[in-house]
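Colleague: The primary structure of each chain is shown beneath.
There are 2 protein chains.
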Amino acid sequence: MLSPPHQPRCLLAVALGRAGVGRGRPLPPDFVEALRAVVGAPNVSTAMAVREQHGHDESMHTCAPPDAVVWPQAVGQVQELAALCYRCRVPMVPFGTGTGLEGGVNAVQGGVCFDLSRMDAIAELSLEDFSVAVEPGVTRKALNSHLRGTGLWFPVDPGADASLCGMAATGASGTNAVRYGTMRPNVLNLRVVLPDGRLLHTAGPGRQPRKRAAGYDLTSLFVGSEGTLGFLTQATLRLHPLPEAVAVTTATFPSVRAAVACTVQVLQAAVPVARIEFLDEVMVGACSRFSGLELPAAATLLLELHGSRHSLAEQQRQEIVQLNGGSGLAWAEEPEERGRLWAMRHSAWYAALALRPGCQGYSTDVCVPISRLPDVVVETKQDLQDSGLTGPMVGHVGDGNFHCLLIFDAQDPAEAQRVHTFTQRLGRRALAAGGTCTGEHGVGLGKRALLLEELGQEGLDTLCRIKAALDPHNLMNPGKVL
Amino acid sequence: MLSPPHQPRCLLAVALGRAGVGRGRPLPPDFVEALRAVVGAPNVSTAMAVREQHGHDESMHTCAPPDAVVWPQAVGQVQELAALCYRCRVPMVPFGTGTGLEGGVNAVQGGVCFDLSRMDAIAELSLEDFSVAVEPGVTRKALNSHLRGTGLWFPVDPGADASLCGMAATGASGTNAVRYGTMRPNVLNLRVVLPDGRLLHTAGPGRQPRKRAAGYDLTSLFVGSEGTLGFLTQATLRLHPLPEAVAVTTATFPSVRAAVACTVQVLQAAVPVARIEFLDEVMVGACSRFSGLELPAAATLLLELHGSRHSLAEQQRQEIVQLNGGSGLAWAEEPEERGRLWAMRHSAWYAALALRPGCQGYSTDVCVPISRLPDVVVETKQDLQDSGLTGPMVGHVGDGNFHCLLIFDAQDPAEAQRVHTFTQRLGRRALAAGGTCTGEHGVGLGKRALLLEELGQEGLDTLCRIKAALDPHNLMNPGKVL
Chain A
208 MLSPPHQPRC LLAVALGRAG VGRGRPLPPD FVEALRAVVG APNVSTAMAV
258 REQHGHDESM HTCAPPDAVV WPQAVGQVQE LAALCYRCRV PMVPFGTGTG
308 LEGGVNAVQG GVCFDLSRMD AIAELSLEDF SVAVEPGVTR KALNSHLRGT
358 GLWFPVDPGA DASLCGMAAT GASGTNAVRY GTMRPNVLNL RVVLPDGRLL
408 HTAGPGRQPR KRAAGYDLTS LFVGSEGTLG FLTQATLRLH PLPEAVAVTT
458 ATFPSVRAAV ACTVQVLQAA VPVARIEFLD EVMVGACSRF SGLELPAAAT
508 LLLELHGSRH SLAEQQRQEI VQLNGGSGLA WAEEPEERGR LWAMRHSAWY
558 AALALRPGCQ GYSTDVCVPI SRLPDVVVET KQDLQDSGLT GPMVGHVGDG
608 NFHCLLIFDA QDPAEAQRVH TFTQRLGRRA LAAGGTCTGE HGVGLGKRAL
658 LLEELGQEGL DTLCRIKAAL DPHNLMNPGK VL
Chain B
208 MLSPPHQPRC LLAVALGRAG VGRGRPLPPD FVEALRAVVG APNVSTAMAV
258 REQHGHDESM HTCAPPDAVV WPQAVGQVQE LAALCYRCRV PMVPFGTGTG
308 LEGGVNAVQG GVCFDLSRMD AIAELSLEDF SVAVEPGVTR KALNSHLRGT
358 GLWFPVDPGA DASLCGMAAT GASGTNAVRY GTMRPNVLNL RVVLPDGRLL
408 HTAGPGRQPR KRAAGYDLTS LFVGSEGTLG FLTQATLRLH PLPEAVAVTT
458 ATFPSVRAAV ACTVQVLQAA VPVARIEFLD EVMVGACSRF SGLELPAAAT
508 LLLELHGSRH SLAEQQRQEI VQLNGGSGLA WAEEPEERGR LWAMRHSAWY
558 AALALRPGCQ GYSTDVCVPI SRLPDVVVET KQDLQDSGLT GPMVGHVGDG
608 NFHCLLIFDA QDPAEAQRVH TFTQRLGRRA LAAGGTCTGE HGVGLGKRAL
658 LLEELGQEGL DTLCRIKAAL DPHNLMNPGK VL
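Chains as they are written, first to last, in this note's numbering: chain A, 208 to 689; chain B, 208 to 689.
Just so you know, the hints here were simulated from the structure itself, not pulled from any lab data.
Since the model is a prediction, treat every value here as computed from it, not as a measurement.
Identical copies carry no separate label here, and so any pair may be met within one copy or between two of them.
Once the Cα atoms are required to be at most 25 Å apart in a straight line, the calculated SDA-like pairs of lysine to any residue come out as:
id: 1; residue 1: Lys348; residue 2: Ala476
id: 2; residue 1: Lys348; residue 2: Gln475
id: 3; residue 1: Lys348; residue 2: Glu540
id: 4; residue 1: Lys588; residue 2: Cys566
id: 5; residue 1: Lys348; residue 2: Pro448
Looking at chain A on its own, in the form it has when it is part of the complex (with noise of 0.2 Å):
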């Protein structure tokens, strides 16, 4: 029900459909031992419980497996099959942790799943350049544990334990992006498979300056590109020194306008804040039945501080509270007390399935200017309201995004019709307060109607153009974005 029909809108999108296998014609003869031959059998499967299970990610949209399931394991292998693909026109997906929100994993036009989580390597960690080279089989989890011990950390957390590739593929984002930026300020290379195989160093073979101004920015291109250009093989990343101190606290306020207003002014004040979540009444009462945590039922506010334990100290935080025309402010700086006060903010999805036993969930994903985000954030309220949908929110309020998290039952055809009519008129209501369709999650399968509203054609056009340039026979994942 959320996937519209994958009708291009374009020209030029529509000569790039022409081009791809298509969903159902199989798969050329002896193509399969092709594969194997480059890979290895064991790293091959075309059994249906490996491809459905390659076919979707977390989100709701329709199961769509690929025809064949290959795990290479080295960067070598990924160009060969590639190649390969390409001569024989076959569509390619590439496939991290399949955490994807957006349905940018599922084969909607058939052809091969790249399942790249073999390729684990993390190589050229430099603590004096502040950068690391991780594989697409490596998570964010895991290279913090890898930084252990060295004084720095990739602070980039969209929730899941995501694919960093995945993630700079996804222009992931997530909590502590008011202070460190989404991933693509934080991506100094990325090595890429290009549609026929070649291969690609978005900033050259081998580099990582931490700012360059050498012709366009490929690795900006790429980030975010939804596995439509290429293969992530490799991301160089930004790494961040650990904060000296860090200290949280909750906030709650009387109205939505009041814990907006509490934002603006802790950014204006220059707080050295890393993280500004905000909940409201209907998601904290949600958390506080799930945790069993006794918490007012009103618009919370999380944030948290970075910094020295100078600038985190009682009189800097104290402004803070004043700032705040909140109540309830706790100081957690100790690592178990600020994980408790979190446990509300990382339980919410839980707590948000809670409330409707055996339901399905979909996050939306508007992002609008601040000064906007209070008159949006009510009227969605009441659409949810008028909607009859359940619908707790959650916010990266420093950046104006926030989720809706859609509790709903997939199995009943009017809710479900009443969830995507919702999602699109809770789209179209950012676009109209000069926002977009998605801060983080990306465009996949199932923003592709926005996308047009809110580039206009012109830049759907320019999108088009570069597709059809760097993948004339619209092979690498068809059907996403454009």
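Once you've looked at the hints, dock chain B against the given chain A.
Modeller: Same frame as chain A, now just chain B:
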């Protein structure tokens, strides 16, 4: 001497090269009349003095005047003029303040120079959203004057009072990048006139969310495109809160290596540093003589901290002193006192020129991983000595970016040749160290050969494909970057 021959280096570029009108070919009959019909006669000039004034920037590249200069007053006029040039296959060159350093405005294939300086509106200032939209005639100093009293500022500072749209086109950065980033993360949206006159908003019309994951990042693609993909006719910028407190200090070191080691320690300690500028002993000596100061002629760092009063309190600074291993630390807090310390850095270019009165200057621009910086700087100093060249060094050392301010007699072909071979060798030294040939000045005319070496054939080919997709007749600033 510094301009290598303008031969393209990939097949697509060859094809592109054929499409242009080509230097020396006259404008079509009645073409200038058609330009006048769009913008009015007073806003078109074919006078040689005007054309020569628009045929070069502040670099040493040979002046290449356009065939005509136009001054559009509104985006609709830019569109009409572009459509006219497109139909007649006349090259187009965008012009801002002409303060570039790599020949970006030189009309090497003739055509029409679009001087955009009279489009100077500042619009959509939103204090809550930390954003503002500026047209190409707005310089960074004009914007910061406009922002006075708002508590916000735009921190990217390349030295020159450049047009902000020009800074976006170049991918500029400068002294504050270590804290606030380069232009790329500070541009939220760009209003672009495409080569055929269509209007593109890179993040969609009227949008300025702080983050987005909606399709390929067109904003980052156009930032740093050096006028080769379209005209940047408005940039929506991200503003920052003014720091509550600013403290500046200088420290001298026994060696380059010690100064860089201090930089790494400062970065690792997550000190709230906004600027870390390096000056070598030749540069400090030149500044001393130029400004009548009495500074020890030694490797020197200028550090500027931005933060809350608490975070810059005495104890915090004391820690930085301890980290330093340097000597001669003096902290300045008041604007006047800080200005005195910065005067040395701000006068660097003129102090360098004063080393050899009557000579000209050219600034190199390599950027390398910080771990490689000491070796690269030491080797480069030796190379300067062996080459018999005068080239004091300044550097944005927190990013690994440094400049040799080469002061040479342009009338002496042998010396100009030594400058050319030195800069090529320096570029290759940076590439061998995992760096880039340009950190912030761009490729323009002079670094196209190095760009191929930096990106490799696949990288350059990818740039050429994008260029061909968006500017199929190679009319936008032809002969630059590719």
